[in-house]
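Novice: This is what each chain is made of:
2 protein chains.
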Amino acid sequence: MTSASALEKVLGKLDEGLPQALDRLLDLLRIPSISTDPAFAGDVRRAAEWLRDDLAAIGFDVSIRETPGHPMVVAHSAPGTGRKILFYGHYDVQPVDPLELWDTPPFEPRIEDTPKGKVIRARGASDDKGQLMTFIEAFRAWKEVHGSLPEGLILLLEGEEESGSPSLRPFLIENASELKADIAAICDTSRYTDGRPAITTQLRGLYGEEITLRAADRDLHSGYFGGIAANPLQILCNAFAGMKDSDGRITLPGFYDGVTELPEALRKDWEALDFSSADFLGAVGLKEPIGEKGRTGLEMTWSRPTFEINGMSGGYTGQGFKTVLPGEATAKVSFRLVGDQDPEKIKTAFRAYMEKAIPADCSISFKHHGGSPASHMNITDPAFAAAKQALSEEWGVEAAFVGAGGSIPIAGDFQELLDMDTMMVGFAMDDDRIHSPNEKYDVESFAKGARSWARIIATFA
Amino acid sequence: MTSASALEKVLGKLDEGLPQALDRLLDLLRIPSISTDPAFAGDVRRAAEWLRDDLAAIGFDVSIRETPGHPMVVAHSAPGTGRKILFYGHYDVQPVDPLELWDTPPFEPRIEDTPKGKVIRARGASDDKGQLMTFIEAFRAWKEVHGSLPEGLILLLEGEEESGSPSLRPFLIENASELKADIAAICDTSRYTDGRPAITTQLRGLYGEEITLRAADRDLHSGYFGGIAANPLQILCNAFAGMKDSDGRITLPGFYDGVTELPEALRKDWEALDFSSADFLGAVGLKEPIGEKGRTGLEMTWSRPTFEINGMSGGYTGQGFKTVLPGEATAKVSFRLVGDQDPEKIKTAFRAYMEKAIPADCSISFKHHGGSPASHMNITDPAFAAAKQALSEEWGVEAAFVGAGGSIPIAGDFQELLDMDTMMVGFAMDDDRIHSPNEKYDVESFAKGARSWARIIATFA
Chain U
9 MTSASALEKV LGKLDEGLPQ ALDRLLDLLR IPSISTDPAF AGDVRRAAEW
59 LRDDLAAIGF DVSIRETPGH PMVVAHSAPG TGRKILFYGH YDVQPVDPLE
109 LWDTPPFEPR IEDTPKGKVI RARGASDDKG QLMTFIEAFR AWKEVHGSLP
159 EGLILLLEGE EESGSPSLRP FLIENASELK ADIAAICDTS RYTDGRPAIT
209 TQLRGLYGEE ITLRAADRDL HSGYFGGIAA NPLQILCNAF AGMKDSDGRI
259 TLPGFYDGVT ELPEALRKDW EALDFSSADF LGAVGLKEPI GEKGRTGLEM
309 TWSRPTFEIN GMSGGYTGQG FKTVLPGEAT AKVSFRLVGD QDPEKIKTAF
359 RAYMEKAIPA DCSISFKHHG GSPASHMNIT DPAFAAAKQA LSEEWGVEAA
409 FVGAGGSIPI AGDFQELLDM DTMMVGFAMD DDRIHSPNEK YDVESFAKGA
459 RSWARIIATF A
Chain E
9 MTSASALEKV LGKLDEGLPQ ALDRLLDLLR IPSISTDPAF AGDVRRAAEW
59 LRDDLAAIGF DVSIRETPGH PMVVAHSAPG TGRKILFYGH YDVQPVDPLE
109 LWDTPPFEPR IEDTPKGKVI RARGASDDKG QLMTFIEAFR AWKEVHGSLP
159 EGLILLLEGE EESGSPSLRP FLIENASELK ADIAAICDTS RYTDGRPAIT
209 TQLRGLYGEE ITLRAADRDL HSGYFGGIAA NPLQILCNAF AGMKDSDGRI
259 TLPGFYDGVT ELPEALRKDW EALDFSSADF LGAVGLKEPI GEKGRTGLEM
309 TWSRPTFEIN GMSGGYTGQG FKTVLPGEAT AKVSFRLVGD QDPEKIKTAF
359 RAYMEKAIPA DCSISFKHHG GSPASHMNIT DPAFAAAKQA LSEEWGVEAA
409 FVGAGGSIPI AGDFQELLDM DTMMVGFAMD DDRIHSPNEK YDVESFAKGA
459 RSWARIIATF A
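Those sequence lines, one after another, are chains U and E.
In terms of the numbering used here, the first sequence is residues 9 to 469.
In terms of the numbering used here, the second sequence is residues 9 to 469.
Watch out, some of these pointers could steer you wrong.
No copy is singled out in the list; a pair is fine if it fits within one copy or between any two copies.
[Said to hold, decoys possible] In silico SDA-like pairs for lysine to any residue, Cα to Cα no more than 25 Å straight-line:
(1) Lys126 - His443
(2) Lys151 - Leu26
(3) Lys276 - Pro123
(4) Lys17 - Glu452
(5) Lys456 - Gly88
(6) Lys353 - Arg275
(7) Lys276 - Tyr232
Think of the hints as simulated: they come from the structure by calculation, not from any bench.
Build the full structure now, drawing on both the sequences and the hints.
Specialist: The following block contains the structure:
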């Protein structure tokens with residue numbers, strides 16, 4: 009049997025077996041595996057056991073692996089001699105509060121008809137149980153058609169993703185040789201648009217600071233001291249205003265070291281995405297991109313670094329008015345980083361800038377929050393082109409290589425600790441309400457997601 | 009009898025009668041006339057009645073006058089044919105919380121020995137019962153020596169000053185012809201230094217705005233929207249930073265219209281005051297004046313206009329970090345005004361500046377708080393020179409014409425509604441702890457205060 013006809017059989021199996029696949033997903037969704045609440049620790053373990061049993065039934069060599077927190081599920085197919093691929097997903101879910109905003113109980117999953125099609129309604133339907141079951145169903149159908157699993161598969165299923173993954177990095181370090189593959193695949197992202205699948209190939213990094221600026225040793229009366237005494241709010245405003253020039257570029261010396269222009273191929277891909285800044289901003293009541301001059305909307309959100317004030321507070325902020333001159337002011341700021349920008353170097357430059365911006369009789373203190381460089385996948389690895397082709401065939405439209413403005417720390421961990429790039433392929437929709445009441449996952453996402461993975465696996469096999 | 013020897017007799021009477029004068033003040037201080045707390049309304053009235061009875065005993069034509077709030081006490085001596093002078097004081101006091109921080113009960117006044125001399129300890133001792141009794145004791149001694157009160161005295165004693173004087177302006181308007189004098193005197197300020205008495209001749213005005221800047225219709229994720237969406241905190245920072253140039257001058261068009269240089273005589277007076285910015289700022293943990301370049305510390309605090317951020321808030325300000333891009337931010341700002349600066353014109357210019365500073369898809373709203381021009385007394389009126397001379401003689405050191413950075417609204421009301429300037433002469437000390445636990449008034453302030461008023465009245469008589 010040719011590989012093409014074998015793939016057709018796998019896809020056919022997936023189509024035929026959709027009702028049973030949905031039943032399995034609904035079983036998994038019934039387990040309230042809320043990782044942040046210790047009261048649900050037993051349920052988290054139950055979900056791990058459910059996955060262990062399901063993977064064992066398909067033929068994986070699978071075990072539950074303890075951590076100081078919730079367990080990992082690790083599974084292997086026969087190693088084979090070809091490339092190895094590590095699949096990552098997480099089986100824990102977000103809390104469900106406020107419960108009264110759910111139209112149906114969050115752990116009584118159901119298939120609903122909606123004007124936009126059938127959806128699976130439950131906590132975790134999209135994030136991430138529905139998504140991780142797409143690749144498991146693809147493996148199952150593959151096994152049924154071929155009699156054996158694809159070789160070189162490693163599965164890593166985490167139970168602490170919604171709790172900040174405290175055990176993940178130690179686990180990767182401890183089990184590096186076992187988990188190391190040629191490439192990783194994560195199914196925890198969204199399609200680019202309803203109709204267009206996407207592979208996320210770059211993520212911005214992050215560096216944050218909490219700043220406390222102290223001037224006078226108490227709040228002052230602005231009648232008495234106004235005009236002579238340092239005002240920490242004014243000093244912060246001056247400093248933050250000076251962080252950007254009139255073109256929206258960040259003024260810190262050396263800030264753009266390591267920031268490169270988009271490769272021509274990616275620029276063309278992004279242009280083809282027809283991103284509309286007006287639509288993107290219109291959804292939140294805005295109209296005009298305010299980022300760097302001469303940059304497209306996608307560059308602003310995916311491939312250019314930023315400086316943002318996330319919070320600021322000082323002086324009198326209650327009802328009415330007090331003519332106070334505050335003794336101190338605080339701010340939380342963060343930078344999104346791209347390319348090879350070094351969080352440590354930028355931290356040094358930013359702190360030096362702030363120290364210089366304050367009068368000699370004021371003092372400033374910093375509290376560092378996070379610091380991770382950007383992640384860029386090596387899309388010249390043929391696996392990316394092959395996966396893109398596979399997705400394009402399944403969805404009937406050219407799949408997109410996209411960026412993400414935020415961070416997915418595990419992709420960075422895989423690069424740093426296991427020296428492997430990650431294909432982030434997911435089928436979620438922007439309206440899936442992850443982390444919110446009435447979370448759902450489209451049945452189409454689930455069915456075509458599984459078919460997509462089958463096609464991607466075929467390019468490896 | 010010559011006028012000089014008559015004055016000596018009045019001063020002698022005051023010295024002899026100090027124990028009885030202190031007893032009277034202690035009586036008044038025993039009445040808990042807290043105007044902000046309705047539970048004490050009866051006590052506020054009792055204080056008014058006490059003053060009415062005392063003034064009637066000295067020979068004033070006195071009455072309690074009702075208002076929608078607490079009553080006024082108004083008293084007249086024989087009108088005579090000379091200049092009239094209106095004396096203002098207030099008989100209400102601040103609340104006493106936190107009571108546990110008082111070393112002795114706030115309404116059980118006592119004379120205490122301290123390392124710096126005898127003090128009267130009680131709520132209201134300095135603000136303002138002790139101060140207002142200084143002129144009443146001067147009138148009493150005058151009456152005893154001359155057999156009659158000085159002619160042309162009008163007394164206006166308020167019971168709502170600590171509650172923002174809601175009834176005062178309507179009362180002034182309604183009784184303008186009765187209250188109109190050639191000049192007013194307020195005893196509610198401090199000496200310039202321990203040894204040097206002062207007449208406050210100018211007060212800065214005030215104009216405040218509460219600003220709400222709205223960008224996106226919700227808080228945004230800075231990973232997703234950072235770099236493309238408007239950040240209201242950054243916009244406010246940029247706008248506020250632009251309010252001042254590198255010399256500390258305010259950049260609003262027309263802002264300095266009506267701001268004049270100090271008259272040469274006043275400049276010399278102020279130079280003689282030996283003001284030390286380092287000492288002034290050192291008391292609150294600061295060192296360096298940050299005001300307009302090329303201005304003295306006294307100019308910065310008394311005669312130059314300011315722009316201050318009194319409060320600012322937006323985004324995430326709790327524990328830890330959230331990479332949020334706030335949907336809105338708020339600020340409270342105020343200007344201290346001098347000379348003939350017009351609050352309305354500055355309001356218009358400031359609002360126009362802010363409107364221009366925001367992107368087209370953001371919106372800004374303003375809430376106006378207060379707006380009063382600066383007050384400048386006409387110190388060429390010979391009454392000022394005479395009072396200065398009288399104070400200098402009493403204290404044995406040249407009295408100072410000083411400014412005040414804050415506002416004393418009633419002085420502006422007297423100018424606006426009754427077309428009369430005010431001599432603000434007070435004997436309080438910076439360590440009197442007004443509005444705080446353990447308020448006190450130095451017995452020296454009280455005794456020499458009454459003697460000072462006797463000398464000032466003599467210059468009128």
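Novice: Take the hints in turn and mark each one as holding or not.
Specialist: Now for the hints, and whether the structure bears them out:
1. Lys126 - His443: within (20 Å within a copy, 68 Å between copies)
2. Lys151 - Leu26: Intra 16 Å, inter 108 Å, cutoff 25 Å: intra-copy only.
3. Lys276 - Pro123: Answer is neither: 35 Å inside a copy and 83 Å across each miss the 25 Å cutoff.
4. Lys17 - Glu452: within (19 Å within a copy, 105 Å between copies)
5. Lys456 - Gly88: For Lys456 and Gly88, neither the intra-copy (28 Å) nor the inter-copy (103 Å) Cα distance is at most 25 Å.
6. Lys353 - Arg275: Neither, since 28 Å and 51 Å both go past 25 Å.
7. Lys276 - Tyr232: between (61 Å within a copy, 21 Å between copies)
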